[in-house]
Structures are given as C-alpha cells and as structure tokens.
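S.K.: Here's the letter readout for the chains.
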Amino acid sequence: MKRTRAGTSRRDFLTGSATAFAGMPYLIPGGVLARPGRPGANDRIVYAHIGVGGMGSSHIVQDAAALCDVDGEHLKRAAIRVSGSPLLTKDYREILDRKDIDAVTIGTPDHWHGIMTVHACQAGKDVYSEKPTCKTIQEGQAMVNAVNYYKRVVQIGSQGRSGPAARAAANFVRNGQIGKVSHVEVWHPNNATGGWGAESDPPPVLDYDMWLGPLRWRPYNERCVHGNFRWMMDIGGGFIRDRGNHVLSCVMLIMGADKTGPVSVEATGQPDKTGCWDVPVTMEAKWEFKNPDWTLTWSQPGSRYPFPNRKGYIDWGAKFFGDRDTLLFANGDGGQDVEEKAKEYNPPAGGFEAYKDPTPVQDVTERHRRNWRRCIRTREKPIMNIEVGYNTIILPIIANIAYELKRKLRWDPVAQRFVGDEEANRMLANPYRAPFHL
Amino acid sequence: MNPGNNGHGGQTAEAAALIDKIKNPDESVRYAAWQAAGPEGASAVAPLADLVASDDKGVAKAAKGALDNVAHYGARPGGHSDAHAVSVALLKLAQSSRPYAVRAQALHLLGFTADSRMAAEIGKLLEDESVREEARMGRERIPRKASLSVLNKFAAKAPSDFRPNVAQSLHNRALMPKTVGTEPAR
Numbered sequence: 001m002k003r004t005r006a007g008t009s010r011r012d013f014l015t016g017s018a019t020a021f022a023g024m025p026y027l028i029p030g031g032v033l034a035r036p037g038r039p040g041a042n043d044r045i046v047y048a049h050i051g052v053g054g055m056g057s058s059h060i061v062q063d064a065a066a067l068c069d070v071d072g073e074h075l076k077r078a079a080i081r082v083s084g085s086p087l088l089t090k091d092y093r094e095i096l097d098r099k100d101i102d103a104v105t106i107g108t109p110d111h112w113h114g115i116m117t118v119h120a121c122q123a124g125k126d127v128y129s130e131k132p133t134c135k136t137i138q139e140g141q142a143m144v145n146a147v148n149y150y151k152r153v154v155q156i157g158s159q160g161r162s163g164p165a166a167r168a169a170a171n172f173v174r175n176g177q178i179g180k181v182s183h184v185e186v187w188h189p190n191n192a193t194g195g196w197g198a199e200s201d202p203p204p205v206l207d208y209d210m211w212l213g214p215l216r217w218r219p220y221n222e223r224c225v226h227g228n229f230r231w232m233m234d235i236g237g238g239f240i241r242d243r244g245n246h247v248l249s250c251v252m253l254i255m256g257a258d259k260t261g262p263v264s265v266e267a268t269g270q271p272d273k274t275g276c277w278d279v280p281v282t283m284e285a286k287w288e289f290k291n292p293d294w295t296l297t298w299s300q301p302g303s304r305y306p307f308p309n310r311k312g313y314i315d316w317g318a319k320f321f322g323d324r325d326t327l328l329f330a331n332g333d334g335g336q337d338v339e340e341k342a343k344e345y346n347p348p349a350g351g352f353e354a355y356k357d358p359t360p361v362q363d364v365t366e367r368h369r370r371n372w373r374r375c376i377r378t379r380e381k382p383i384m385n386i387e388v389g390y391n392t393i394i395l396p397i398i399a400n401i402a403y404e405l406k407r408k409l410r411w412d413p414v415a416q417r418f419v420g421d422e423e424a425n426r427m428l429a430n431p432y433r434a435p436f437h438l
Numbered sequence: 001m002n003p004g005n006n007g008h009g010g011q012t013a014e015a016a017a018l019i020d021k022i023k024n025p026d027e028s029v030r031y032a033a034w035q036a037a038g039p040e041g042a043s044a045v046a047p048l049a050d051l052v053a054s055d056d057k058g059v060a061k062a063a064k065g066a067l068d069n070v071a072h073y074g075a076r077p078g079g080h081s082d083a084h085a086v087s088v089a090l091l092k093l094a095q096s097s098r099p100y101a102v103r104a105q106a107l108h109l110l111g112f113t114a115d116s117r118m119a120a121e122i123g124k125l126l127e128d129e130s131v132r133e134e135a136r137m138g139r140e141r142i143p144r145k146a147s148l149s150v151l152n153k154f155a156a157k158a159p160s161d162f163r164p165n166v167a168q169s170l171h172n173r174a175l176m177p178k179t180v181g182t183e184p185a186r
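Listed in order, the protein sequences are those of chains A and B. Quick note on numbering: our numbering labels position 34 of the first sequence as 34, and the sequence is numbered without any gaps. Quick note on numbering: our numbering labels position 155 of the second sequence as 155, and the sequence is numbered without any gaps.
Possibly wrong hints are sitting among the right ones.
Stated by the list, open to error - Cross-link-like lysine-lysine pairs, in silico, BS3-like; alpha carbons within 30 Å at most:
(1) A:Lys273 to B:Lys178
(2) A:Lys290 to B:Lys23
(3) A:Lys99 to B:Lys178
(4) B:Lys157 to B:Lys145
(5) A:Lys381 to B:Lys178
(6) A:Lys259 to A:Lys151
(7) B:Lys21 to A:Lys406
(8) A:Lys259 to B:Lys178
(9) B:Lys153 to A:Lys406
(10) B:Lys153 to B:Lys92
(11) A:Lys381 to A:Lys99
(12) A:Lys99 to A:Lys151
(13) A:Lys99 to A:Lys180
(14) A:Lys381 to A:Lys319
(15) B:Lys145 to A:Lys273
(16) A:Lys343 to A:Lys180
(17) A:Lys259 to A:Lys319
(18) A:Lys273 to B:Lys23
(19) A:Lys273 to A:Lys259
(20) B:Lys157 to B:Lys124
(21) A:Lys290 to A:Lys311
(22) A:Lys151 to B:Lys178
(23) A:Lys319 to A:Lys180
(24) A:Lys408 to B:Lys21
(25) A:Lys408 to B:Lys178
(26) A:Lys319 to A:Lys408
(27) B:Lys178 to A:Lys286
(28) A:Lys356 to A:Lys180
(29) A:Lys273 to A:Lys381
(30) B:Lys21 to A:Lys273
(31) A:Lys99 to A:Lys76
(32) B:Lys92 to A:Lys406
(33) B:Lys124 to B:Lys92
(34) A:Lys180 to A:Lys408
(35) B:Lys23 to A:Lys406
Stated by the list, open to error - In silico contact screen, one side only, chain B against chain A (beta carbon under 10 Å); selected entries:
(36) His72
(37) Glu133
(38) Pro164
(39) Lys178
(40) Pro184
Note that these hints are calculated values from the structure, not bench results. Keep in mind the model is a prediction, meaning the values are calculated, not measured. Note that CB positions come from ideal geometry on N, CA and C, so glycine has one too.
With the hints as extra help, turn the sequences into a complete structure.
M.R.: Have a look at this one:
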C-alpha cells in the first residue's frame, strides 16, 4: 500500500482556501453577533459539526452551516439531515476559516479532540468536544490554555455531569451521608477482542491520510478505523478512556475532587493474545489520593454488584465506601442511576448542593448540550468545562502509561509530571505527524 | 537485565530461548514469553525485531509486544546502562535495510530509551527519506540541549519539502506547559 503524507501546511491551506472561497456563497450572515465572540440573547448561533459519524452525528442541528468528516459516507448521511446548502468538507480547517461560524461540535476519534479544540479556540469558535477530553497531558494543558487565552466556551461531552443521579449522589456523599470515603471502586466490562483484518488500500470514500492526521503513519486496516479506533492503545486507549471518562468524571464530582489529583498510579492488564487490537482486554488500575486520603480503583471485567431491589447486575458504575455506609452509582453517562436513598435525600440549608440545570430536559445528553448553548450566550463556564474535563482525563491517561510501562508511577498533580521517571515523562506528549501541531 | 546479557546486542542463550517461545505455535506460550521479555535486554532486540515482520501475525504481535517490553524495561528509572545498550541495538535496526515497519518501530522506541549521546546518530536518519518522519518524531521525545542542537543543525540543510517538519519539531520542543495552545498554528 502506498504511504502518503498529510502534505499541506496550515498556511498553504489558508492560501488555497481563500481562492476556493471566492466563488462560494456566503451562507450565513456573520454580523448577527452582539459583539465578536458573544452572541446576544436573541441572536442566532451558527453551528458547524466536525466528525459526523457515531456519537458526532447526535449533535447535528438542522440549520448547521457546515459539516466535516473524512468519510464521504458519513458526510452524505449527515447532509440529508441539514436544510439549505451547508459546506461539506473533509478538512476541518475549512470550517475554522469561516468567520460566520460561531460554534463547532467535535465528534471525531480521540486523536483529533485536543488539536481540533485548540485550533477552534484559536479561530474564535466555541466548542462542544466529545469525550475523552484528549489523548495526552500536553494536549490537555494546551486545551486549558487555549480556552482561557482566547476566552472560549468549551464543553466536554461527558454528559453524566448533567445527569440527575450524579447530582443526587454528589449531594448525598458530600454532605457526609456515608461518612468519610476511603475507597471508590469503579468497574466496567472488558475491552473488545477481534480478528486481524487485512491491510489494504483505503476505500476511495475515506480520506485516510486525514483520518490519521497527527498519528504515526500506519497501513490502512478496516479493523483499526472508525469505531474500532477505541481498541488501539495509541488512539482510543480502551474503555478506561471512553466510558471511564464518563464514570470517573462523576466520581470526581461526587468526591468533590475536581481540583485535586492522584499522587500515584499503577495498572496491570491482559492484552489479547491474538488480533490486531492492543488495548488490554482486562485491566486493573489504582490511583492514590492524599489530603484527604482515598483510593480509586478501576476493574475490568464489570457486572460487579446487583442494584438494590432490582434484577441483574450493574454493567458498569462505581461504589463509594464510607466509614458509615456505601453508595452504588450505576453507569455514568446519560443512562446513569443511583440508589434510592440518594435520590430521596435533600441537602440541609447551607449544605453542599450540586449545580442544578435551570431548565432541565429528560434527555441527559440534550441537557448537556443545552448547558453549553446557554453558556455560549452568557459566557459562563459549562458544567463539564475544560478544567474539569482535563482533570478527569488525567486519570486514564496516566493509568494507561503505567500499564504500558509495567510499573507503579508517582504523579505530581501540581506540576502535572511523573516523579523520578524520565521515560514516563516522555509520554506526556506525543510527537505529531507533520503538518499538524498544537 | 538478564545477567547473561553482554549488553552489546550479541544473542545470549536466554535470548535464544525467548525467541523460540515467541515463535511457538501455542499462543499461550508466546504470550507468557512476551509478557516476561523485559529483562532480556539488548541481545533480544534484533531477533525480536526480525519476528515483528513475520508472516505469522500471532508471532509478529508477540514479538512486537516483547520488543516494547524490552525497551520500556531498559528505560526504567536507574536502568541507564540497560537503556543505552537497548538504544544501540535499536539504532542498528533503524539504520538497517529491514522492512519499514521494523525500522519505524525502532525509531519510535528510541524516543523512550535514547539519551543525548545517541542524538547525532539518530539525526543522520533525518536524511533517509524512507524513515525521516519517524526519525523526526522519535527525536522529538529526547530531551536536553545536545538533542536540540542536532535538530537545529539539520534544519539549515534539510530538503525544502522536509524543512517544515523539522521546524515543527523545533516548535514543539519550545512548547511550555503554561503557554502551549496559545500561539496560533502556522
């Protein structure tokens, strides 16, 4: 198979696209903003969507100004759902160059989240980026810096934060109803196993070079693209970085630990003996926190505990162990649940009360999106803002590094570096294939 | 590291035994060998790398996993001499005429194991069109000034089509945690 390269720099691209846009109708008037970067209460926010397959397709609004996907089939399916004549492109940079677009959703595979979010902030767009937040520590730092420097509203798509069960559990635990929590156990079913697939030329409908983007070049294999990226360690990182991002986000909320981090991490796992995927099929990870002292564990396989008064086991979720009681929290995304005792609990006056959506809708994902849209107008921080999103994703990122290195690592949560392990610190950033960079 | 390892890439009896297990038709035998391969050290690098290109995908996977483990074990805290020996063996692979996948993986692993003593030798591979991008990315991970100066020197003489890539590495090396993401991409 011929090895190709992403061959244009951003500057080349900008030069070329200016010519391309000369004959293009100006679809949406950009002057609707009350002032640059801040729509007025009644102004229309112009959206575009980057990555419109899978979960990315769920964010599409009917009047989207532009759609981007490296797979022409995804684009075609998405375009049917949009009225008018949206820009259809395989290169997200075309969307970022459009001055009339206020906000973008990013629903690509994980290796694009960090770089696209940073570039979108630099282009003055507000962003809803799917979880996980990013792939490396350096990407997370870049995202936080870019959001604050360019004053953008960025929501990470860990919609569990917007769920009523997470809120109830946070109120219950943080007001001391189970006592002092010393351990939180998180579990989830195994990562997938699969066949080898075959290396081949990519299908004409897919711009494989752009799909890879900043990744090290590798031959196309249908078993390693689209939804299967999740099972590649250097792209998706397994369930711990996927649904782990959901449930760990809720754990950090419930524990009031959003501004803290672990001081050590260790992880073991059993990779698939066969097949082209390389994430561990089963995995055990442990993080230690100090001041207050507690431990957090992640275990695959899942289905660890039955939910009280119901049939069957909870596929994935968390159990909080306090010195007076325990609390079970199921799942962590939109399908979350919590024991009745937490749902029935009302915080006392002056006690902790988690953020409550002023206009909640039943669907948790839509509630999460509405929180972002409201914040675009008010310029407030969304519920799963970039600082929270980055703090959450540190957990699975460093656990995967500990798994790969097969040793316990010490982590400095303030410096955001490993202590006494140069090799581990070399994994805080991944070199990007040119021309992509932060 | 295995006490029988001579540290210079010559294959030891232990490494030969590892290779036999990695080639075993029983996936459980291969798996156990792959998981335990880390301490085998530099002498296992070349024979494992040759199996990474095996037509038997199960053998290739076990060999690649074992090679990764050897590199990461060598680069453990306090394992400086092991890391250097493994790096020398990986560099030979990267400089060889082995298949692209093997040379690319060697350069990737050198990013974790190599120190600035290797910088100039890895830098020479920036001139090899077949692996220069992989050499650039591997080089980017290696800290310290000596490593940076190799990139700087090469930037001046790099072919025009590769100069932006080298400039990208120099840009990335200059990124600071507190400001990364604030400079618009160029």
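S.K.: None of the hints should be skipped; say for each whether it holds.
M.R.: Against the structure, the hints:
1. For a cut-off of 30 Å, the pair hint linking A:Lys273 to B:Lys178 is broken: about 41 Å separates their Cα positions.
2. For a cut-off of 30 Å, the pair hint linking A:Lys290 to B:Lys23 is broken: about 46 Å separates their Cα positions.
3. Restraint check: the Cα-Cα separation between A:Lys99 and B:Lys178 comes to about 28 Å, which is no more than 30 Å; the hinted pair holds.
4. Between B:Lys157 and B:Lys145, the direct Cα distance comes to roughly 19 Å. Compliance with the 30 Å bound is thereby established for this hinted pair.
5. This hinted pair checks out: A:Lys381 and B:Lys178 have alpha carbons roughly 20 Å apart, not beyond 30 Å.
6. Note on A:Lys259 and A:Lys151: the hinted pairing holds, with a Cα-Cα distance of about 20 Å set against a maximum of 30 Å.
7. A hinted pair counts as satisfied when its Cα atoms are at most 30 Å apart, and B:Lys21 with A:Lys406 qualifies at roughly 21 Å.
8. The straight-line distance between the Cα atoms of A:Lys259 and B:Lys178 is roughly 17 Å, inside the 30 Å bound, and the hint therefore holds.
9. With a C-alpha separation of about 36 Å, the suggested pair B:Lys153 and A:Lys406 falls outside the 30 Å cut-off, and the hint is violated.
10. For the hint linking B:Lys153 to B:Lys92, the alpha-carbon distance of about 23 Å falls within 30 Å, and the restraint holds.
11. Between the alpha carbons of A:Lys381 and A:Lys99 the distance comes to roughly 23 Å, so the proposed pair stays at or under 30 Å and holds.
12. Taking the CA atoms of A:Lys99 and A:Lys151, the gap is about 17 Å. The hint holds against a cut of 30 Å.
13. At most 30 Å may separate the alpha-carbon atoms for a hinted pair to count; A:Lys99 and A:Lys180 exceed this at roughly 51 Å.
14. A hinted pair counts as satisfied when its Cα atoms are at most 30 Å apart, and A:Lys381 with A:Lys319 qualifies at roughly 29 Å.
15. This hinted pair does not check out: B:Lys145 and A:Lys273 have alpha carbons roughly 41 Å apart, beyond 30 Å.
16. Distance restraint check for A:Lys343 and A:Lys180: the Cα-Cα separation of roughly 20 Å lies within the 30 Å cut-off, and the hinted pair is therefore satisfied.
17. The hinted pair formed by A:Lys259 and A:Lys319 meets the criterion: a straight-line CA distance of about 21 Å does not exceed 30 Å.
18. Distance check on the hinted pair: A:Lys273 and B:Lys23 sit about 13 Å apart at the alpha-carbon level, within 30 Å; holds.
19. Restraint check for A:Lys273 and A:Lys259: the C-alpha separation of about 39 Å exceeds 30 Å, so the hint is violated.
20. Restraint check for B:Lys157 and B:Lys124: satisfied, since their Cα atoms lie roughly 12 Å apart, inside the 30 Å limit.
21. A threshold of 30 Å between alpha carbons decides the hint, and for A:Lys290 with A:Lys311 the separation of about 37 Å lies outside it, so the pair is violated.
22. Restraint check for A:Lys151 and B:Lys178: satisfied, since their Cα atoms lie roughly 16 Å apart, inside the 30 Å limit.
23. About 14 Å separates the Cα atoms of A:Lys319 and A:Lys180, which keeps this hinted pair within 30 Å; it holds.
24. Taking the CA atoms of A:Lys408 and B:Lys21, the gap is near 28 Å; set against the 30 Å cutoff, the hint holds.
25. For the suggested pair A:Lys408 and B:Lys178, the alpha carbons sit about 27 Å apart, so the restraint of at most 30 Å is met.
26. At most 30 Å may separate the alpha-carbon atoms for a hinted pair to count; A:Lys319 and A:Lys408 meet this at roughly 24 Å.
27. A hinted pair counts as satisfied when its Cα atoms are at most 30 Å apart, and B:Lys178 with A:Lys286 qualifies at roughly 28 Å.
28. Proposed proximity of A:Lys356 and A:Lys180 is supported: the alpha carbons are some 25 Å apart, at most 30 Å.
29. Between the alpha carbons of A:Lys273 and A:Lys381 the distance comes to roughly 45 Å, so the proposed pair goes past 30 Å and is violated.
30. Between the alpha carbons of B:Lys21 and A:Lys273 the distance comes to roughly 14 Å, so the proposed pair stays at or under 30 Å and holds.
31. Only pairs whose Cα atoms come within 30 Å are accepted, and A:Lys99 paired with A:Lys76 is accepted, the gap being roughly 24 Å.
32. With a CA separation close to 26 Å, the supplied pair B:Lys92 and A:Lys406 stays within the 30 Å bound.
33. For a cut-off of 30 Å, the pair hint linking B:Lys124 to B:Lys92 stands: about 12 Å separates their Cα positions.
34. Of the pairs offered as hints, the one joining A:Lys180 and A:Lys408 holds, with about 26 Å between alpha carbons and a cut-off of 30 Å not exceeded.
35. Proposed proximity of B:Lys23 and A:Lys406 is supported: the alpha carbons are some 23 Å apart, at most 30 Å.
36. A least Cβ separation of about 5 Å between B:His72 and chain A falls short of the 10 Å threshold, and the interface hint therefore holds.
37. Annotation: B:Glu133 was flagged as interfacial toward chain A, and the flag holds, the nearest CB pair being 7 Å apart, inside 10 Å.
38. Annotation: interface hint on B:Pro164 holds; nearest CB of chain A at approximately 6 Å, less than 10 Å.
39. Evaluation of the B:Lys178 hint against chain A yields a held restraint, the C-beta minimum of about 7 Å falling below 10 Å.
40. Interface restraint check for B:Pro184: the shortest CB-CB distance to chain A comes to about 5 Å, inside 10 Å, so the restraint holds.
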